[in-house]
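Letter by letter, the chains look like this.
Protein chains: 4
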Amino acid sequence: MTFTDQLWQDISPIYESILKHGFVGELTEGALPTAMFQYYIQQDALYLADFSRALSLLAARSVNTDDVLQFTQFAQNAILVERALHETYFALYDIQPGTAKMPACFAYTNFLLATTSLQSVAVGAAAVLPCFWIYREVGKYIYQRAVRENPYHAWIDTYAGEAFDESVNLMLAITDRLADAAGAFEQGLMRDAFRTSSQLEWYFWNDAYTQNRWLV
Amino acid sequence: MTFTDQLWQDISPIYESILKHGFVGELTEGALPTAMFQYYIQQDALYLADFSRALSLLAARSVNTDDVLQFTQFAQNAILVERALHETYFALYDIQPGTAKMPACFAYTNFLLATTSLQSVAVGAAAVLPCFWIYREVGKYIYQRAVRENPYHAWIDTYAGEAFDESVNLMLAITDRLADAAGAFEQGLMRDAFRTSSQLEWYFWNDAYTQNRWLV
Amino acid sequence: MTFTDQLWQDISPIYESILKHGFVGELTEGALPTAMFQYYIQQDALYLADFSRALSLLAARSVNTDDVLQFTQFAQNAILVERALHETYFALYDIQPGTAKMPACFAYTNFLLATTSLQSVAVGAAAVLPCFWIYREVGKYIYQRAVRENPYHAWIDTYAGEAFDESVNLMLAITDRLADAAGAFEQGLMRDAFRTSSQLEWYFWNDAYTQNRWLV
Amino acid sequence: MTFTDQLWQDISPIYESILKHGFVGELTEGALPTAMFQYYIQQDALYLADFSRALSLLAARSVNTDDVLQFTQFAQNAILVERALHETYFALYDIQPGTAKMPACFAYTNFLLATTSLQSVAVGAAAVLPCFWIYREVGKYIYQRAVRENPYHAWIDTYAGEAFDESVNLMLAITDRLADAAGAFEQGLMRDAFRTSSQLEWYFWNDAYTQNRWLV
Numbered sequence: 001m002t003f004t005d006q007l008w009q010d011i012s013p014i015y016e017s018i019l020k021h022g023f024v025g026e027l028t029e030g031a032l033p034t035a036m037f038q039y040y041i042q043q044d045a046l047y048l049a050d051f052s053r054a055l056s057l058l059a060a061r062s063v064n065t066d067d068v069l070q071f072t073q074f075a076q077n078a079i080l081v082e083r084a085l086h087e088t089y090f091a092l093y094d095i096q097p098g099t100a101k102m103p104a105c106f107a108y109t110n111f112l113l114a115t116t117s118l119q120s121v122a123v124g125a126a127a128v129l130p131c132f133w134i135y136r137e138v139g140k141y142i143y144q145r146a147v148r149e150n151p152y153h154a155w156i157d158t159y160a161g162e163a164f165d166e167s168v169n170l171m172l173a174i175t176d177r178l179a180d181a182a183g184a185f186e187q188g189l190m191r192d193a194f195r196t197s198s199q200l201e202w203y204f205w206n207d208a209y210t211q212n213r214w215l216v
Numbered sequence: 001m002t003f004t005d006q007l008w009q010d011i012s013p014i015y016e017s018i019l020k021h022g023f024v025g026e027l028t029e030g031a032l033p034t035a036m037f038q039y040y041i042q043q044d045a046l047y048l049a050d051f052s053r054a055l056s057l058l059a060a061r062s063v064n065t066d067d068v069l070q071f072t073q074f075a076q077n078a079i080l081v082e083r084a085l086h087e088t089y090f091a092l093y094d095i096q097p098g099t100a101k102m103p104a105c106f107a108y109t110n111f112l113l114a115t116t117s118l119q120s121v122a123v124g125a126a127a128v129l130p131c132f133w134i135y136r137e138v139g140k141y142i143y144q145r146a147v148r149e150n151p152y153h154a155w156i157d158t159y160a161g162e163a164f165d166e167s168v169n170l171m172l173a174i175t176d177r178l179a180d181a182a183g184a185f186e187q188g189l190m191r192d193a194f195r196t197s198s199q200l201e202w203y204f205w206n207d208a209y210t211q212n213r214w215l216v
Numbered sequence: 001m002t003f004t005d006q007l008w009q010d011i012s013p014i015y016e017s018i019l020k021h022g023f024v025g026e027l028t029e030g031a032l033p034t035a036m037f038q039y040y041i042q043q044d045a046l047y048l049a050d051f052s053r054a055l056s057l058l059a060a061r062s063v064n065t066d067d068v069l070q071f072t073q074f075a076q077n078a079i080l081v082e083r084a085l086h087e088t089y090f091a092l093y094d095i096q097p098g099t100a101k102m103p104a105c106f107a108y109t110n111f112l113l114a115t116t117s118l119q120s121v122a123v124g125a126a127a128v129l130p131c132f133w134i135y136r137e138v139g140k141y142i143y144q145r146a147v148r149e150n151p152y153h154a155w156i157d158t159y160a161g162e163a164f165d166e167s168v169n170l171m172l173a174i175t176d177r178l179a180d181a182a183g184a185f186e187q188g189l190m191r192d193a194f195r196t197s198s199q200l201e202w203y204f205w206n207d208a209y210t211q212n213r214w215l216v
Numbered sequence: 001m002t003f004t005d006q007l008w009q010d011i012s013p014i015y016e017s018i019l020k021h022g023f024v025g026e027l028t029e030g031a032l033p034t035a036m037f038q039y040y041i042q043q044d045a046l047y048l049a050d051f052s053r054a055l056s057l058l059a060a061r062s063v064n065t066d067d068v069l070q071f072t073q074f075a076q077n078a079i080l081v082e083r084a085l086h087e088t089y090f091a092l093y094d095i096q097p098g099t100a101k102m103p104a105c106f107a108y109t110n111f112l113l114a115t116t117s118l119q120s121v122a123v124g125a126a127a128v129l130p131c132f133w134i135y136r137e138v139g140k141y142i143y144q145r146a147v148r149e150n151p152y153h154a155w156i157d158t159y160a161g162e163a164f165d166e167s168v169n170l171m172l173a174i175t176d177r178l179a180d181a182a183g184a185f186e187q188g189l190m191r192d193a194f195r196t197s198s199q200l201e202w203y204f205w206n207d208a209y210t211q212n213r214w215l216v
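Chains as they are written, first to last, in UniProt numbering: chain F, 1 to 216; chain S, 1 to 216; chain Y, 1 to 216; chain B, 1 to 216.
There could be a bad hint or two in this list.
Put simply, identical chains are the same to the list, so a pair is met inside one copy or across any two.
Cross-link-like lysine to aspartate or glutamate pairs, in silico, EDC-like; alpha carbons within 20 Å at most [said to hold, decoys possible]:
(1) K140 <-> E87
(2) K101 <-> D10
(3) K140 <-> D157
(4) K101 <-> D66
(5) K140 <-> D165
(6) K101 <-> D192
(7) K140 <-> D44
(8) K140 <-> E162
It is worth saying that the hints were derived from the structure and are not from the lab.
Work out the full structure: start from the sequences and follow the hints.
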């Protein structure tokens, strides 16, 4: 069992909760209220900008120049996806650009930035991994089950790309390599970081589903 | 009007919400259920460790050596207060040490760490200021109104110290000085950071009052 | 006069010293001893890896997402140029890959990494600017004067590219924009950082010319 | 053999070079020209401010709160020593406060700041260790051999303090503990960092002895 196999096993209950979440189910069925999808995409654009920053921090702090290059490419791609959301989906689904992160997006992005700034690269890599890996798995799950006449069709199709699949595999290989070089204590921190980001993936969908707003 | 006067004016509605919050009211009256107080102190200990880290980052990034010294002293003091919680209040109020940050503590600490790692020192100073300043004001408010036979008496009394009052004044002076040197755009970021941390102060108390736990 | 015009004026004596340096003169004439060129390219490969890290830090810390994208592209490009050195020039000029930074490369890269980690983005941008700008100007200077039968012909020609010229213009525009938003104190730090990196450009060539090695 | 024993063995030739350096010899004999001592103390004051920043970064990035506290105390102490230089030795030896770091101080401080910002805490700890450990050993060496009628008597005596000895022991214990938790690759980086800082200790004295100035 690879280290990343173990990571996935650790979050098995969280992953099941994500697949069972109303947001995922209704998106698949094409029954998700527009407001929830709009909320989600608007927050996702804000998320991706910080995800790019977190990946840039991993680039800056990697010892190995192959990893520096790989993380700069991931970082660049995250911003290009953010741009694509603005240029395509914001228009397509009538979404207003927002600047205010709602609670789950706020918690998740600050966790990624703090972790990739301050913890080891291995722990930072484990923290950014769920956004690659869970996204791919949930994406495949939705893509395979999505009804044909789905109003979110255009967006769901982007999940099927091979380019993203390849990125996830590269990120998994980096994480396993960093885990191999880490001691047991650092591996424990990697597992904690992976689990925390996986929880926050669930919260990200849940915030959109509940239209969560700040109370003060 | 100084810059910090303006900061306080900005958060006036948030400050009012804090004073009116059930946690503050019941603490003052001595009617707060023990479990809420235990939750609060346990989370506060976890918070203070990261608050110290955030202050150390400001020390590391300050241009002025007076500020380096001041921030190292604040950072050291935050850990000493964390120690005092463990050594005194954990025993006094039968609190179990915890390692899991609940949602508000998690969001707040990661925001402080990300901001003090990545934003300018001026913006980082504005982010750490509410924990000094709101705490002093709420502390005075509670201290002045607290009933005599209050089970939280020992803890409330710590609010009355002059040492803490002096720290807050020093932190206000640093913030005003940094704001004076900042351009309008950076001042805007300072105001955003101050407001965000002030919101998170409310959430910190609210999490204890609602015994908030992670949903997954 | 733009802010960057002023930066250039500040370093006018340093720039003159670079143009008059034996390394630049002998490179232009094709008379530079091979060992000096080998030393230079080997150190340049080590430099570029850290230059990429410094640019990634600026990406991570930029508030504006256009700047995040731009800095990730610069960061990626620096690694691609480092790769090109290894794949093309190391073979062409019989250069051994090295892992030990010599004094000038060591001082320069650590200055860039420390500055982009800890100072404001504006100051960090001023620190990375000389590697773009002085390189372009010196490159043009050498290209225009280089003798035809120059053993370093292949390498000198890369200076003539429009892509690099465009990058320098983008970096100048970012620096001017960040300076406009900065207060006078921060602008002073930007000027210091620009001057320091410009000095280190001179030292970088001088180390190659003198085959400088660590004394202990 | 502990990890730190191995570190010391690694730098044995560098340590011998330091003991044999003219600066150390002439300081011990009281024959060091005043200008060299002035240069050294002035640069040391600039060094200590950044040494404090580097220690604050280690505080900020330590997982263990005991280490956070210890590093904040080291960081605070470094600034207090810097203050003492200004208040006592600058007057006593007629030293002008300076703001310009000379080459060795520049290289060393930027290395410490870049390493403690970006590398793991274990590697950062190895980088700051020589300033504790070599200083103590060289200090003892000078103290035991110094002539009585030494014009640098007041300064040399500060080496004899038990407080500093205790700090060094604490720093050695932290380094050994971090090394125990590190994998082989990270231990290799620790050894590199320790050796590099040790070299830079030699350069720091050598710059004072040669009154080294920037060439451009």
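Hints, verified against the model:
no. : hint          : in the structure
1   : K140 <-> E87  : neither (24 Å within a copy, 39 Å between copies)
2   : K101 <-> D10  : between (28 Å within a copy, 19 Å between copies)
3   : K140 <-> D157 : within (10 Å within a copy, 48 Å between copies)
4   : K101 <-> D66  : between (33 Å within a copy, 19 Å between copies)
5   : K140 <-> D165 : within (10 Å within a copy, 43 Å between copies)
6   : K101 <-> D192 : between (24 Å within a copy, 12 Å between copies)
7   : K140 <-> D44  : within (18 Å within a copy, 41 Å between copies)
8   : K140 <-> E162 : within (11 Å within a copy, 43 Å between copies)
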